[in-house]
Each structure stands twice: as structure tokens, then as C-alpha cells.
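J.: Here are the chains, one letter per residue:
Number of protein chains: 2
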Amino acid sequence: MCQLLGMNCNVPTDICFSFKGFCERGGVTDEHKDGWGITFFEGKGCRSFLDPHPSASSVISSLVKSYPIKSCNVIAHIRKATLGEVNLENTHPFTRELWGQYWVFAHNGDLKGFHPTLAGDYLPVGATDSEQAFCLILERLRRSFETKPAAGAIAAVLQEAADEISGHGTFNFLLSNGECMFAHCTTKLSYLVRQHPFSTARLKDKDIELDFSEVTTPDDRVAVIATEPLTTNETWIGFPKGRVLVFRDGHIADPVN
Amino acid sequence: MCQLLGMNCNVPTDICFSFKGFCERGGVTDEHKDGWGITFFEGKGCRSFLDPHPSASSVISSLVKSYPIKSCNVIAHIRKATLGEVNLENTHPFTRELWGQYWVFAHNGDLKGFHPTLAGDYLPVGATDSEQAFCLILERLRRSFETKPAAGAIAAVLQEAADEISGHGTFNFLLSNGECMFAHCTTKLSYLVRQHPFSTARLKDKDIELDFSEVTTPDDRVAVIATEPLTTNETWIGFPKGRVLVFRDGHIADPVN
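Sequence order for the protein chains is A and B. Under our numbering, the first residue of the first sequence carries the number 1, and numbering increases by one thereafter. Under our numbering, the first residue of the second sequence carries the number 1, and numbering increases by one thereafter.
Hints listed in this document are in silico derivations from the structure and should not be mistaken for laboratory results. Small disclaimer: the values here were computed from a predicted structure and weren't measured. Positions of the beta carbon are idealized from the N, C-alpha and C atoms, including for glycine. Please note that a few of the clues may not be correct.
[Claimed, not checked] Taking lysine-lysine pairs in the DSS-like style, the calculated list, with each CA pair at most 30 Å apart, reads:
| hint | chain 1 | residue 1 | chain 2 | residue 2 |
| --- | --- | --- | --- | --- |
| 1 | A | Lys65 | B | Lys148 |
| 2 | B | Lys20 | A | Lys65 |
| 3 | B | Lys241 | B | Lys112 |
| 4 | A | Lys20 | B | Lys70 |
| 5 | A | Lys148 | A | Lys65 |
| 6 | B | Lys80 | A | Lys44 |
| 7 | B | Lys148 | B | Lys70 |
| 8 | A | Lys20 | A | Lys148 |
| 9 | B | Lys70 | A | Lys65 |
| 10 | B | Lys241 | A | Lys44 |
| 11 | A | Lys148 | B | Lys70 |
| 12 | A | Lys204 | A | Lys70 |
| 13 | B | Lys44 | A | Lys112 |
[As the list claims (entries may be wrong)] Derived list of chain B stretches under chain A, where covered just means 3 residues or more per stretch with a C-beta under 8 Å from a C-beta of chain A:
| hint | stretch |
| --- | --- |
| 14 | 98–104 |
| 15 | 163–173 |
I would like the entire structure built from these sequences, with the hints used as guidance.
T.: Quick look at the structure:
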């Protein structure tokens with residue numbers, strides 16, 4: 001299994017604090033040490049740091065932990081390999097282009113007997129069930145809409161695909177096109193929204209505290225999504241099971257449009 | 001304009017030495033300071049480091065210069081913006097998936113009046129002529145072959161596309177799928193092949209020497225491709241103009257198959 005971390009904000013924000021705690025789970029406080037990756041959207045572009053080494057000790061994760069990259073949409077993943085070897089092509093997040101936007105995906109869970117027939121629009125490079133699911137989802141989106149529709153229409157296609165794929169096993173995922181963060185939970189995923197008045201948060205996996213009131217403005221809003229809560233003194237909300245949620249501008253967009 | 005750096009080897013090799021010299025051209029010895037990027041293939045996977053900051057002073061390029069990542073195919077680019085703002089989505093190399101492989105592309109040159117009609121298989125995310133050319137090339141490849149053909153057949157499609165696109169201006173490019181490095185030159189591109197007996201190379205842009213005989217085995221072979229020669233004491237060979245060359249296992253594959 002694996003763990004997911006996502007962030008969706010209304011202003012570009014760095015993820016250093018959360019990522020420091022998250023990385024500890026890749027070899028120190030937990031066993032997810034078969035690689036890690038993180039993708040930051042910046043404008044329409046995105047950049048990924050992917051590494052098949054443990055996140056807790058990786059030279060590259062040290063850089064990401066200490067170098068503040070500001071982004072409105074970030075997806076990170078630490079891996080405990082089940083299907084597919086420990087190597088770069090099996091390291092999440094995965095990225096593809098659709099409708100002239102990058103789409104980024106990371107998955108937590110195992111899918112049993114999941115061998116979708118793909119038309120070829122998107123094909124997996126690695127050997128994970130996760131990348132197959134991502135390719136199937138993008139194929140469905142591409143074939144449903146010629147150009148990018150509203151987020152609600154995207155969420156509806158995702159919901160249908162997620163319902164179907166969830167029949168094969170655990171399917172917690174994060175998906176973003178740099179505008180919204182789509183999230184789906186079948187077993188375990190939590191979130192919180194940090195907004196004014198900001199307070200101090202304390203990491204669960206590392207002895208670090210941060211007073212967010214010192215690094216934010218009153219208009220900032222940040223949603224953080226994680227497989228397991230990252231802090232000990234904030235209230236994390238469990239995701240409803242089996243429903244695709246859409247985060248935009250740092251909170252759940254509802255009704256979706 | 002921009003500068004290109006490519007490496008193709010028969011065994012995974014790090015590019016730290018060449019990259020150290022190359023990065024100096026992004027703000028110190030030359031003016032290509034509008035971002036930089038580098039992509040390493042490792043197995044079927046690839047990882048990119050992309051940064052809109054100058055390569056000579058970037059925190060991330062410092063990491064890449066000092067952290068040896070071993071790869072058989074590497075493409076790097078430093079940018080002097082002409083078309084498209086200085087931002088992440090306009091930063092080369094660009095990556096897309098075709099036939100279940102990642103394809104990576106970087107371009108040096110300006111294309112005038114180049115506005116290809118794209119069918120939608122691949123669409124640019126940023127605003128560069130380069131990414132448009134890349135999308136057009138991949139579309140042609142996809143529509144020419146249902147599955148990956150031999151490198152010679154790929155090169156033939158590339159040659160036709162390159163001939164056409166070159167009509168719009170300078171079109172020096174590097175393209176790799178992790179197996180081969182395809183290179184095309186209309187104005188300026190050089191290469192050399194380092195092989196046994198290895199000797200000492202001296203960078204042109206930084207006071208660094210490396211004795212390759214100390215870090216290689218007699219079977220190693222490395223082709224390095226660059227817009228401008230990177231070393232002062234080796235013989236760099238100018239590319240023939242207007243011809244797609246294919247590098248494999250550290251030298252030019254000819255006849256291509």
C-alpha cells in the first residue's frame with residue numbers, strides 16, 4: 001500500500017511543512033520506503049520530483065523539504081510496492097496531457113484482476129495497476145468531451161469510472177489538472193482546511209511546529225488531503241466513501257460547476 | 001535562442017561533468033538564463049528537473065550538478081526566451097507518452113509563422129513553437145504506426161517532419177524514447193564519442209578537468225551532443241545539416257534499424 005498527500009489552495013503556497021512530516025513515513029515512522037514522488041503545478045506547467053529511493057533519506061526529498069516551491073495544486077505519494085517493481089517508471093505521481101493541460105494522478109490501494117482494455121490514447125509505461133487506472137480514466141475523459149468541460153462534468157465521468165474500478169479493490173486517489181483537485185476515497189483519506197484565523201500546527205511524524213498566522217494573509221485558504229492525518233492538534237475530516245470530491249481554491253467546491 | 005545538451009551511452013552514466021559546464025552558460029559564460037531543464041531516462045521511466053530560474057544559480061541545478069544520476073539517455077536545455085514567457089510551462093524538455101513509452105524533446109531555434117493544425121492527440125500546454133513542433137511530430141508518429149516500429153522507420157517520419165518544420169526556421173532538436181537519441185541540426189550542433197582509451201577532458205566554461213579513464217571501464221561508450229562544444233581539448237564533430245541522426249549505445253546507429 002501507499003500513502004497520498006495533496007494540497008489545493010487559493011493562493012500559491014509551499015508544502016514544506018506537510019511534506020517534512022509525510023516523508024518520515026517513507027522509512028522512519030512508517031514502512032512506505034519504495035520510492036516517492038511529488039508534482040507541483042505552477043501556472044499551466046508542472047514539475048515532478050520522482051525518486052525510487054526512500055523519501056525519509058532521499059537527497060532529492062531533502063531538497064524539496066527545504067526549498068519552498070509555491071503552488072495551488074500539489075500531489076505527493078510514498079510507495080510501498082505491491083504490484084510492480086521498485087523503479088522509476090512505477091513511481092507516482094503519473095503525468096499525461098489532455099485538452100492541452102497536464103493531468104497528474106497518484107493512487108493508494110491494490111486493484112485485483114484489473115486489466116482494462118485500453119484504446120491506446122493513453123498507455124501505461126510502468127507495470128502498476130495505478131497507472132492503468134489513470135490511463136483508463138483519461139481515455140474516458142477524452143472520449144467523453146472533445147474539449148475541457150466544467151469540473152462538474154469531469155467529476156461525473158470520474159465518479160462513474162471510480163465506481164467501476166473500485167470493484168477491483170482499494171481505490172483512493174488524487175487527480176489534478178492544476179485548476180481543481182479531484183479526490184476519491186474507498187477506505188482511508190482525510191482532509192482539513194486551514195483558513196483565517198490561522199493557528200499553530202504540530203506534525204505527528206516529526207517534532208516540528210509551524211504558526212501559520214505568521215506565514216499567511218487573512219485571505220489564504222489551504223486544503224490539505226492525506227491518507228493519515230499529518231498533524232496532532234488539528235481536526236482532520238474523514239472523506240465520505242465512494243464519492244468523488246472536487247477541491248478548488250482551498251475548499252470543497254459544491255455544487256460543482 | 002537556446003542551447004541543447006544530450007547524452008546517449010551504452011551503460012548508465014552520469015552527466016555531472018558536462019552539465020556543470022553547460023549550466024554556466026545560463027547566466028555566467030553566456031546569456032541563456034530564462035530557465036533550464038534536464039530529463040533522465042532510467043529504465044522505462046524518466047524524471048525531469050525543470051526550473052524557470054537561471055541554470056547557473058538555480059538551487060535545483062546545484063543538486064543535479066552534484067548528485068550523480070546514471071542514465072543511458074539524457075536531454076538538457078537552457079533557454080533564452082524568444083517566443084513564450086519565462087515560466088514553467090515553456091521550459092524544455094517536454095515529455096509525452098506514445099506507444100507506452102515516454103518521449104522527451106528539446107529544441108533550439110525559432111520557427112516563424114509555424115502554426116500547425118493539430119488533430120488533438122497531443123496538444124501544447126505552453127506557448128512555445130517548440131512544444132507545437134513536438135506535438136506535431138508525435139502526432140505524425142502515432143498516425144504512421146500503431147505500435148512502435150524500428151528506429152529506422154521512426155527516423156524516416158522524423159526526417160520528413162523535420163524537413164517541413166525547418167522551412168519555418170532554425171530547428172535543431174533532440175528527441176529520445178529512452179532507447180535511442182534522435183538528433184536534427186539545421187544550424188549548429190556538435191557531438192563527440194568518448195570511448196576506450198579514455199583521457200582527460202577539460203571544460204570550456206568552468207575550470208574543471210576529469211580523467212575519464214578513472215571513472216569508466218574499457219567497454220563504456222558515451223556520445224555527448226551539444227549546441228557548442230563543452231570541452232577545449234577534445235575533437236567535436238559538427239552535425240551534417242538537415243539530416244536526422246540516430247544515436248544508440250553511445251554512437252551513431254548506421255544503418256538504422
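J.: With reference to the structure, classify each hint as holding or not holding.
T.: So, going through the hints one by one against the coordinates:
1. A:Lys65 / B:Lys148: Between Lys65 of chain A and Lys148 of chain B the Cα gap is close to 39 Å, so the pair fails against 30 Å, i.e. violated.
2. B:Lys20 / A:Lys65: Distance of about 24 Å is within 30 Å: holds.
3. B:Lys241 / B:Lys112: 19 Å, holds
4. A:Lys20 / B:Lys70: 27 Å, holds
5. A:Lys148 / A:Lys65: Not OK: Lys148 of chain A and Lys65 of chain A at ~34 Å, beyond 30 Å, violated.
6. B:Lys80 / A:Lys44: 20 Å, holds
7. B:Lys148 / B:Lys70: 25 Å, holds
8. A:Lys20 / A:Lys148: 35 Å, violated
9. B:Lys70 / A:Lys65: 23 Å, holds
10. B:Lys241 / A:Lys44: 35 Å, violated
11. A:Lys148 / B:Lys70: 39 Å, violated
12. A:Lys204 / A:Lys70: 23 Å, holds
13. B:Lys44 / A:Lys112: 24 Å, holds
14. 98–104: holds (count 4)
15. 163–173: Since 0 is below three, the answer is violated.
In summary, the structure is inconsistent with hints 1, 5, 8, 10, 11, 15 from the numbered list given earlier, while agreeing with the others.
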